[in-house]
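Those sequence lines, one after another, are chains W and B.
Numbering-wise, the first sequence is residues 361 to 704 according to my numbering.
Numbering-wise, the second sequence is residues 361 to 704 according to my numbering.
FYI, nobody ran anything at the bench for these hints, they're computed from the structure.
One should not assume that every hint holds.
No distinction is drawn between identical chains; accordingly, a pair holds when it is met within one copy or between any pair of copies.
[Claimed, not checked] Result set (DSS-like, lysine-lysine): computed pairs, CA atoms no more than 25 Å apart in a straight line: (1) K442 with K635; (2) K479 with K632; (3) K555 with K579; (4) K479 with K442; (5) K579 with K442; (6) K604 with K635; (7) K442 with K549; (8) K479 with K635; (9) K555 with K635; (10) K549 with K479; (11) K635 with K579; (12) K579 with K549; (13) K604 with K632; (14) K579 with K604; (15) K579 with K406.
Residues per chain are reported as follows:
Protein chains: 2
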Amino acid sequence: MSITLALDAMGGDHAPAIVLDAAIEALRRHPRLQLVLVGEEGLLRKELGRRGTSSGDRLRIRHASQVVAMDESPALALRGKKDSSMRVAIDLVRDGTAQACISAGNTGALMATAKFVLKTLPGIDRPAICTMIPTTTGHTHMLDLGANVECSAEHLLQFAVMGSVLASAVDNNPSPRVGLLNVGAEAIKGNDTVKAAARLLEVSPINYIGYIEGDDIYKGVADVVVCDGFVGNVALKASEGVAKMISGHMREAFGRNIFTRLAALVSLPVLKSIKHRFDPRRYNGASLLGLHGIVVKSHGGADAYAFGHAIDTALHEVEQAVPSRIDSQLEILLAQGAMMRSAT
Amino acid sequence: MSITLALDAMGGDHAPAIVLDAAIEALRRHPRLQLVLVGEEGLLRKELGRRGTSSGDRLRIRHASQVVAMDESPALALRGKKDSSMRVAIDLVRDGTAQACISAGNTGALMATAKFVLKTLPGIDRPAICTMIPTTTGHTHMLDLGANVECSAEHLLQFAVMGSVLASAVDNNPSPRVGLLNVGAEAIKGNDTVKAAARLLEVSPINYIGYIEGDDIYKGVADVVVCDGFVGNVALKASEGVAKMISGHMREAFGRNIFTRLAALVSLPVLKSIKHRFDPRRYNGASLLGLHGIVVKSHGGADAYAFGHAIDTALHEVEQAVPSRIDSQLEILLAQGAMMRSAT
Numbered sequence: 361m362s363i364t365l366a367l368d369a370m371g372g373d374h375a376p377a378i379v380l381d382a383a384i385e386a387l388r389r390h391p392r393l394q395l396v397l398v399g400e401e402g403l404l405r406k407e408l409g410r411r412g413t414s415s416g417d418r419l420r421i422r423h424a425s426q427v428v429a430m431d432e433s434p435a436l437a438l439r440g441k442k443d444s445s446m447r448v449a450i451d452l453v454r455d456g457t458a459q460a461c462i463s464a465g466n467t468g469a470l471m472a473t474a475k476f477v478l479k480t481l482p483g484i485d486r487p488a489i490c491t492m493i494p495t496t497t498g499h500t501h502m503l504d505l506g507a508n509v510e511c512s513a514e515h516l517l518q519f520a521v522m523g524s525v526l527a528s529a530v531d532n533n534p535s536p537r538v539g540l541l542n543v544g545a546e547a548i549k550g551n552d553t554v555k556a557a558a559r560l561l562e563v564s565p566i567n568y569i570g571y572i573e574g575d576d577i578y579k580g581v582a583d584v585v586v587c588d589g590f591v592g593n594v595a596l597k598a599s600e601g602v603a604k605m606i607s608g609h610m611r612e613a614f615g616r617n618i619f620t621r622l623a624a625l626v627s628l629p630v631l632k633s634i635k636h637r638f639d640p641r642r643y644n645g646a647s648l649l650g651l652h653g654i655v656v657k658s659h660g661g662a663d664a665y666a667f668g669h670a671i672d673t674a675l676h677e678v679e680q681a682v683p684s685r686i687d688s689q690l691e692i693l694l695a696q697g698a699m700m701r702s703a704t
Numbered sequence: 361m362s363i364t365l366a367l368d369a370m371g372g373d374h375a376p377a378i379v380l381d382a383a384i385e386a387l388r389r390h391p392r393l394q395l396v397l398v399g400e401e402g403l404l405r406k407e408l409g410r411r412g413t414s415s416g417d418r419l420r421i422r423h424a425s426q427v428v429a430m431d432e433s434p435a436l437a438l439r440g441k442k443d444s445s446m447r448v449a450i451d452l453v454r455d456g457t458a459q460a461c462i463s464a465g466n467t468g469a470l471m472a473t474a475k476f477v478l479k480t481l482p483g484i485d486r487p488a489i490c491t492m493i494p495t496t497t498g499h500t501h502m503l504d505l506g507a508n509v510e511c512s513a514e515h516l517l518q519f520a521v522m523g524s525v526l527a528s529a530v531d532n533n534p535s536p537r538v539g540l541l542n543v544g545a546e547a548i549k550g551n552d553t554v555k556a557a558a559r560l561l562e563v564s565p566i567n568y569i570g571y572i573e574g575d576d577i578y579k580g581v582a583d584v585v586v587c588d589g590f591v592g593n594v595a596l597k598a599s600e601g602v603a604k605m606i607s608g609h610m611r612e613a614f615g616r617n618i619f620t621r622l623a624a625l626v627s628l629p630v631l632k633s634i635k636h637r638f639d640p641r642r643y644n645g646a647s648l649l650g651l652h653g654i655v656v657k658s659h660g661g662a663d664a665y666a667f668g669h670a671i672d673t674a675l676h677e678v679e680q681a682v683p684s685r686i687d688s689q690l691e692i693l694l695a696q697g698a699m700m701r702s703a704t
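Generate coordinates for the entire structure from the input sequences, incorporating the hints supplied.
Spelled out as C-alpha cells, the structure:
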C-alpha cells in the first residue's frame, strides 16, 4: 500500500529548492511513497523542469497562492492566509488525501494552523513539539521544545504519554523509560509544577523513572525526556550552541598552521566519523504530537539532506500509526481517571 | 595588604585532600594571601604533616567539630550543625576574620547558611548563584543557576543588577551587555515572567540588550545571561552533558584502532589545546551573589587544580570589592525607585 505525504514546498529559508531536491531523492529511497508538493504551481513546475523531471503519479503538485512568512504572527497567518502552502498541506491531511505533512516554515504558524485544522486528541489541551536527540548510547525523545512556555503538571503528564507512545512506536520499545527534567534527583528538588507532575506520573501506567538532570539527557538514562516548552527550548538550543562552539574551535585549532593541518589530514576519517555521529541534519524533523494527524516540522534552515530526514520521520510515524496509538493510550488513561477529559 | 580567605576543608567529595593541596599551591601563587583551613583539627594537622608542611601565619587551622553531608537537608544542616566546617567558615567572613570563604560542600546548605549568617543586601530577596562559562569569544557570566527555581520578574531584575556588577568588576568592563534568556528574540515570545522582567530591564540603568536564546549563550553576544534558577541549572547541565558526550566520542573514535591512535598521536597538541580551552576546572568557582560577604561554591567533585580556581575567583572578588559595589548599585536603583526595597 502506498503512503502519501504533503510537503509545504514554500516554507523555510531555502524553499522551494531544497524541498524539491529532498522530494526527488525520497521517492528514489521509498518505492511506496507518493508526494504532493504544495505551493505556487508555475514556480514548482519550472523548478521541477530545471531538475529534469516533472510531476506525475508519485509526485503531484497542488497549487496554493499564498506563503506564510517566517516572521509572520501565527494568529495573522491563521486568519489571513487560508490558501497558504502550509495551510493547504495541513488541509490535505485532514481530508485524508495525505497521511502526513512536512513543513520547514514558521513554527508558531504551523502549530496554530495544525491545531485549528486537525484539532487535538481527547485529553490533550495543547500539542507538543518532540524531537529526537543523540545520546551516548543512541538517542532520546525530548518534549516539549517550545510550543508551550507555561505548563501545568497535567500538561507535563500529557507530554509524557505522547512521548512514551512515540518512543514505543518509533524505536519498537515496549516500555520506554520516561524521565522528568529537574534541577536535582532528590524528591525535594524542583518547582511546584514539576513536583506535582511527578506525583501524577508515579501513579500513571507510564514507565516513569523519576527526575533526571540536564546532563542526564545525553547519558541515555531515559528514552523520553519531559519538560515544559521554555526549559526544553533553552536546553536544546544551549546544547546546539555548545556543540557549535566546540566544532568551531576544533576547526580553528586544526587549521592553525601547516603541522595542525597535517594532523587534520591524518585524522580525517576520525573527524568525519565524529561529525557524522552528531550531525544535526540526521536528527531533523520534530513531531507535533497530540493532533488528529501527523505534522512534522523541519528546521527552517534545513538543506535537502536534512529535509529528507524530516520526510523519513513522517513516513515512519505513518507506518507506525502514531496518532491512533497515542489516542488509544489516552483512552485507557482517561478511563482510569488518571487524566481529566479536558483541563481547559 | 594581605587578604585572608576561609576554606571549608571538609566539604566536597575529595575533602580534605584536594582542599589542602589547593591551599598550599595557592599560597605559592599569591604572596599576599593568607588562608584559614576550617575542619577537624587533628585530621588537618596530620594531613598537612603528610604534605611536609604545617600550619603557620599564612596557613592557620580553625577547628570545627561537625561536617555537613553532601545529601543533608539544608534546613537540618542550618539548625543542627552550628559547628560544621561550612558554618564556621562563613562565620569567619561575618566576623571579618576572613574576607571570603570557599566551600565544595552541599550547595543548598551553603546557600541557606550563607543567607542566614551573612544576610542579603538591601533590595535583594534571595542570593543567586553565578558562574563564568566559556564562549566563542571569551566568557560570559550566567545566573541564577539553581538557587531560585521559582522567580518573579523582580528577582530577574535583581539578578541582572548583580551579574552586571560582577562582570563589570571581574572583567573590568564599564558597561557589560546583559541578555535575558528566552525562547525567541521577538517581543511576543516567552512566558509572562520573562516579559515582565524585560519591561523592568528596559527602564533600568543596566546595559540591557534584550532577549537572547539558548545558543546565543555561547556566541558571546552577552557578558551576563539572566534566567531563573530552574532554566539556568538545566541549560548549564545540558551543556556539560553535550560537551562530555562529544569528548567521550572523540576519545573513543581516536582510540578505535592502530591508525586512529596514530592520528591521535599526531594531533596531540591540537587535542590538548581543545581540551584546555573548555576544561571545566578552569571555570570552577560559582559566586553566591547578593550577600553581605563573598561566598564561593566549588564543584563537589573538584580536584586541587579546580579548587585552586575557586580560590582565585574569591580572591579576585575581594580585590574588586564585589559586595560593596553591588550594594552601591542597588542603592542607586532603590533611590530611583527602579526597584522595591523589599519584595518579600
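Hint-by-hint comparison with the structure:
no.: 1; hint: K442 with K635; result: neither (41 Å within a copy, 53 Å between copies)
no.: 2; hint: K479 with K632; result: neither (43 Å within a copy, 54 Å between copies)
no.: 3; hint: K555 with K579; result: within (23 Å within a copy, 34 Å between copies)
no.: 4; hint: K479 with K442; result: within (16 Å within a copy, 59 Å between copies)
no.: 5; hint: K579 with K442; result: neither (44 Å within a copy, 38 Å between copies)
no.: 6; hint: K604 with K635; result: both (11 Å within a copy, 15 Å between copies)
no.: 7; hint: K442 with K549; result: between (46 Å within a copy, 24 Å between copies)
no.: 8; hint: K479 with K635; result: neither (39 Å within a copy, 50 Å between copies)
no.: 9; hint: K555 with K635; result: neither (38 Å within a copy, 38 Å between copies)
no.: 10; hint: K549 with K479; result: between (36 Å within a copy, 23 Å between copies)
no.: 11; hint: K635 with K579; result: both (19 Å within a copy, 20 Å between copies)
no.: 12; hint: K579 with K549; result: within (20 Å within a copy, 31 Å between copies)
no.: 13; hint: K604 with K632; result: both (15 Å within a copy, 19 Å between copies)
no.: 14; hint: K579 with K604; result: both (19 Å within a copy, 9 Å between copies)
no.: 15; hint: K579 with K406; result: neither (48 Å within a copy, 40 Å between copies)
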